[in-house]
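Visitor: For chain S, the structure is supplied; the task is to place chain F on it using the hints.
The primary structure of each chain is shown beneath.
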Amino acid sequence: MASPPIVGLEIGTSRVRALVGEEREDGYLMITGVGECASRGVRKGEITDFDNALVCVQQALNMAEEQSKVTINQALVALTGGHIQGAISRGTTPIIPADSEITEADMQTVMESARAVSLPPERMTLHSIHQQFFVDDQQGVINPEGMVGARLAVSMLILHGVRNRILNVLKVVSSAGVDIVESAFGGLAAALAVLTPEQKESGCLVLDLGGGTTDYVVYANRCIALAGSIGVGGDHITNDLSMVLRIPSATAEKLKVDMGVGLPGARVPDQPVTIQPSGGFAGRTVRYHDVNAIISARVEETLQMVHTQLVRNNLHNVMGAGAILTGGGAHLKNMEEFASSVLHMPCVIGRPRNVSGIATATEGPEYAVTVGMLRYGMRQPARDGRSGGLFDMLGRIFRR
Amino acid sequence: MSESAQPGKIRLPARVLLVGVGGMGVNAIDALHGSTADFMDCVAIDSDQSVLDQCHAPRQIQIGVPLTQGHSTGGDSDLGRRAAINDFVKLREVFTHSDLVILLAGLGGGLGSGAAPVIAQTARDEGALVITVATLPFNFEGKERAQEAEAAVSRLREAGQALVTLPNEYLCMPPHDQRPIEEAFRVALDQLADGLRLIWTLLGQRNLINLDFINLKNMLEHSQGACRFVYAEASGASRAPLVLSRLQAHPAIQQEEALKSCGSLLIGVLGSTDLALADVQSVVHGITAEVHANAHRVMGVGLDEHARQHMGVLLLIGDPAAAPAERAPVRETKAPVKVAPARPSAQRGPKRIEQPELELPTISKGRFKNVEPTVMDGEDLDLPTFIRRGLRLSR
Numbered sequence: 581m582a583s584p585p586i587v588g589l590e591i592g593t594s595r596v597r598a599l600v601g602e603e604r605e606d607g608y609l610m611i612t613g614v615g616e617c618a619s620r621g622v623r624k625g626e627i628t629d630f631d632n633a634l635v636c637v638q639q640a641l642n643m644a645e646e647q648s649k650v651t652i653n654q655a656l657v658a659l660t661g662g663h664i665q666g667a668i669s670r671g672t673t674p675i676i677p678a679d680s681e682i683t684e685a686d687m688q689t690v691m692e693s694a695r696a697v698s699l700p701p702e703r704m705t706l707h708s709i710h711q712q713f714f715v716d717d718q719q720g721v722i723n724p725e726g727m728v729g730a731r732l733a734v735s736m737l738i739l740h741g742v743r744n745r746i747l748n749v750l751k752v753v754s755s756a757g758v759d760i761v762e763s764a765f766g767g768l769a770a771a772l773a774v775l776t777p778e779q780k781e782s783g784c785l786v787l788d789l790g791g792g793t794t795d796y797v798v799y800a801n802r803c804i805a806l807a808g809s810i811g812v813g814g815d816h817i818t819n820d821l822s823m824v825l826r827i828p829s830a831t832a833e834k835l836k837v838d839m840g841v842g843l844p845g846a847r848v849p850d851q852p853v854t855i856q857p858s859g860g861f862a863g864r865t866v867r868y869h870d871v872n873a874i875i876s877a878r879v880e881e882t883l884q885m886v887h888t889q890l891v892r893n894n895l896h897n898v899m900g901a902g903a904i905l906t907g908g909g910a911h912l913k914n915m916e917e918f919a920s921s922v923l924h925m926p927c928v929i930g931r932p933r934n935v936s937g938i939a940t941a942t943e944g945p946e947y948a949v950t951v952g953m954l955r956y957g958m959r960q961p962a963r964d965g966r967s968g969g970l971f972d973m974l975g976r977i978f979r980r
Numbered sequence: 010m011s012e013s014a015q016p017g018k019i020r021l022p023a024r025v026l027l028v029g030v031g032g033m034g035v036n037a038i039d040a041l042h043g044s045t046a047d048f049m050d051c052v053a054i055d056s057d058q059s060v061l062d063q064c065h066a067p068r069q070i071q072i073g074v075p076l077t078q079g080h081s082t083g084g085d086s087d088l089g090r091r092a093a094i095n096d097f098v099k100l101r102e103v104f105t106h107s108d109l110v111i112l113l114a115g116l117g118g119g120l121g122s123g124a125a126p127v128i129a130q131t132a133r134d135e136g137a138l139v140i141t142v143a144t145l146p147f148n149f150e151g152k153e154r155a156q157e158a159e160a161a162v163s164r165l166r167e168a169g170q171a172l173v174t175l176p177n178e179y180l181c182m183p184p185h186d187q188r189p190i191e192e193a194f195r196v197a198l199d200q201l202a203d204g205l206r207l208i209w210t211l212l213g214q215r216n217l218i219n220l221d222f223i224n225l226k227n228m229l230e231h232s233q234g235a236c237r238f239v240y241a242e243a244s245g246a247s248r249a250p251l252v253l254s255r256l257q258a259h260p261a262i263q264q265e266e267a268l269k270s271c272g273s274l275l276i277g278v279l280g281s282t283d284l285a286l287a288d289v290q291s292v293v294h295g296i297t298a299e300v301h302a303n304a305h306r307v308m309g310v311g312l313d314e315h316a317r318q319h320m321g322v323l324l325l326i327g328d329p330a331a332a333p334a335e336r337a338p339v340r341e342t343k344a345p346v347k348v349a350p351a352r353p354s355a356q357r358g359p360k361r362i363e364q365p366e367l368e369l370p371t372i373s374k375g376r377f378k379n380v381e382p383t384v385m386d387g388e389d390l391d392l393p394t395f396i397r398r399g400l401r402l403s404r
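In the order they appear, the protein sequences are chains S and F. Just so we're aligned, residue 581 is where the first sequence starts under the numbering used here, counting upward by one. Just so we're aligned, residue 10 is where the second sequence starts under the numbering used here, counting upward by one.
With the rest of the complex left out, here is chain S:
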C-alpha cells in the first residue's frame, strides 16, 4: 500500500501551486491532485499583500483537495526570494590524539563548527549542506570515518535569507490552516525533481526561471557547490516591455509569450508587430526588433549574472552536463538556445522525473519546484546524510 499523501506548496510570483502526491512502492511519485491559482500579493517571491496571498493559497489548496479527495492539513513549502544567498563556510577540528582514526563524533564536531557562521541579525540559515571533507591536506573526501589524520576540515554551503520574509511566507501557509512539515529553497527542490544521478555526477547548473526570481543551484565535484537566488524573473521582462513600449501589463505579458527571446545571431527581418487594443489601450504597432531587443537585453543580463557567479567561483568549466532550465521562464521560445549562448554550455529544459499521474504536473518545467518539494517529503523519514540539518527549526515555530 502506498504511503500517506504528501503535499507540496509553492507560493510563486506568478502562480501559487499545490500538489498532492503519493509515493509508490517502486519509488515513483504519483500525483493525485493539482491546485493552481494566479498569484496576487506576491512580488519577487516575497509576500507584499498578505490577505491576497492567503486567498490564493486557499484556492490552490482547495483545488488540490477536490481533485485528490484528501483533506490537506500539512504541507511542504518552497521558499524563494532574491534575499536568499549562498556562502561557503569551512570548519576545522584537530583529531585527538593526532593520527588516530576519525570518528563519527569528529565529523559532527567539524560540521557544527562550519555551521556556526555569524550572520547579520536579520538573517537566518535555511540550509547547511556539507560539500566535502578534508583530511590533513587531502581534498574531496566523501566519508572520512575510519580514516587516519591529524586534522579534519569540512566545507559547507550555507544558504541564508532574511528571517522576516521567510516567516511571512510560512505565516500565509499556517494562516490557511495548514501545518508546515518542512520548507526548503525552491532551487534545491527543482534540482531534486529534475536531475538524473548522471547529471549530478558530471556537474550541472539548475536554473529555475521563475516569475519573480531566478534561482540557481550548481552541482560540481560531486556536491552542491553553489546556490542562490537573484530577484529578477519573468515579471521583469513583462514590466520592461510595458514600460519601454508603454503598453498595459497584460498586453506586455502576451507579447512576451508570443515573441519569446530572439535567437542569437539570427537575422530576422524587422517587421511591424501589431498590438491589439484592449481596455483603455488603443492598440499600437511596434517594431519586431525593438521587442526583441527589450526581451533579449533582460534575459541576457539575468543569465549573465548567473554566469558571473559561476566564473567567480571557478565553476564555469566543470558543468559537464550543462544547464537544466526549469520554471515558467523555460517555456519562453528559443530559451534553450539563447541560454546556451550566454552561459556557454548546453541547456535543456528540465521536466520532473519518475512522476506519474495527472499530466499537467508531470510534464511541465514549471512544476519542478512543487514536485521537488514532494520528493523532499518522501526523503524526510530517511534523509540521506548529504544534505543535513535542513529546516526543523522553522517547522517547529509554525507547528506549535
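A hint or two may mislead.
Claimed, not checked - With a Cα cut of at most 25 Å, we get these calculated SDA-like pairs of lysine to any residue:
no., chain 1, residue 1, chain 2, residue 2
1, S, K834, F, A40
2, S, K649, S, R864
3, F, K99, S, P701
What the hints assert, rightly or not - Here are some of the chain S residues that sit facing chain F, going by a computed Cβ distance under 7 Å:
no., residue
4, R620
5, G621
6, R623
7, E646
8, L699
9, P701
10, M704
11, R867
12, D870
13, I874
14, A877
To be verified - Now the stretches of chain S that chain F is said to cover, found in silico as 3 or more residues with beta-carbon under 8 Å:
no., stretch
15, 747-757
16, 808-815
17, 820-833
In case anyone wonders, no lab produced these hints; they're calculated from the structure. Glycine is no exception: its CB is placed at the ideal position from the N, C-alpha and C atoms.
Guide: Just chain F now, with coordinates in the frame of chain S:
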C-alpha cells in the same frame, strides 16, 4: 518679447522646455529664468537637495536619491548617469509634452557629464528636438575634468540632435580681461539668454526672411550634432558695424576660425522696426565672406516691435571640424543613421492635433513600484535593462 510674437503668431513650435542639469545647469536656469520665463517653461534637475532649494525655477526634480542620499555626486559621472537612470520615469514625464528641449549643463562634473546624456536621450525618445547647451571646463580645472567633458561631449552628440558647446575659456578672453568673475559669467549667461530669445522669437513669428522649426532642425542635422553659439547685439545708429565687429571678435570666430571650416551656418537677425536692408546685408556679408560655398546655410530676419535702434545677431556654426566639401558625402550617408530618429518632432510640433489616444495612467516603476528594489553593483535591476544599457527604440 513674446508679446511681440503674438500678432503674427502662426506656427509657434509649441512647447519649449528649458532644462538645467547639475550645479552649472541649475545656476544657468536661475540666471535665465528672469529673462526667459515669459516664453519658456523651466525645470531644474539635480541630485543635491540644497542646490534645488536655492533655485528659483518653478519646477525642480531631484534625481538619484537612493544613490546619493540627496547629496551631490561629487564629480562622479558614473554616479550621475545612474542617478538619471534611476529616475528616468520621472524624467520621461517631464518631457512628454515638449517639442523642443533646451538642455543646459556644465560638462566635467558628475551630473553634467553623467546625467545630461541620459536626460537628453530620454527627451529625444519622447519625441522632442533636443538642443544641449553645454559649458566646457576651464583649462585650469585640469586634465581629468577636460577628459571627462570630452567623453560627455561625444555621449551628448549621440544622445541629442544638437550640441552647442560654450568653452568657459572664452569667458577670459581677452587674456588681460580684469572683469570680476561674476560679471564674466553673467555676461556669458545674458548672451545665452538673448540668443535663445532671439531664436525663439524668430521661430514664433512671421518674419521678413523666414526661419521655422524645420529650418532649424535641418541646420542642426547638417551640423553633425555639434555647433558653436555666437551672439552679439548693439544699439544706436552704427549698430550694424558694431554687431559685426563684436561677432568677429568672438573667440570662436577669431581664434578658432570656425566660420572658415563650418559645415552649416544659421544666421538669425532680429532688429527693431527701423532695421535697414543695408544693415542686414553688411552683417551677413561680413560673416559669410569666409564661409565655404557648400556649407548649408539657414537664415532668418525678423523684427522686434518693442526695440528701438537695436540689432541682435545669433550665429549657430555647425561642426567647424569638418571640411564641408570633402566631408559632404560622408555626412549624407551618416545623417540618416544619426538623425533619422528625428522622428516627426518637427511635424509634430506645429501641426499636431491633440492626441487621439486615451492617455494611460503613467506606468512608473511598473509593478515593482512598492517593492524593495533589486540592486546589484549599484544598479536598480527593476528598471528595464534596455534603458539601463542606453538602447533606444528604432523609429
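Visitor: Run through the hints listed earlier and report the numbers of any the structure violates, in increasing order.
Guide: 1, 2, 3, 4, 5, 7, 8, 9, 10 and 15
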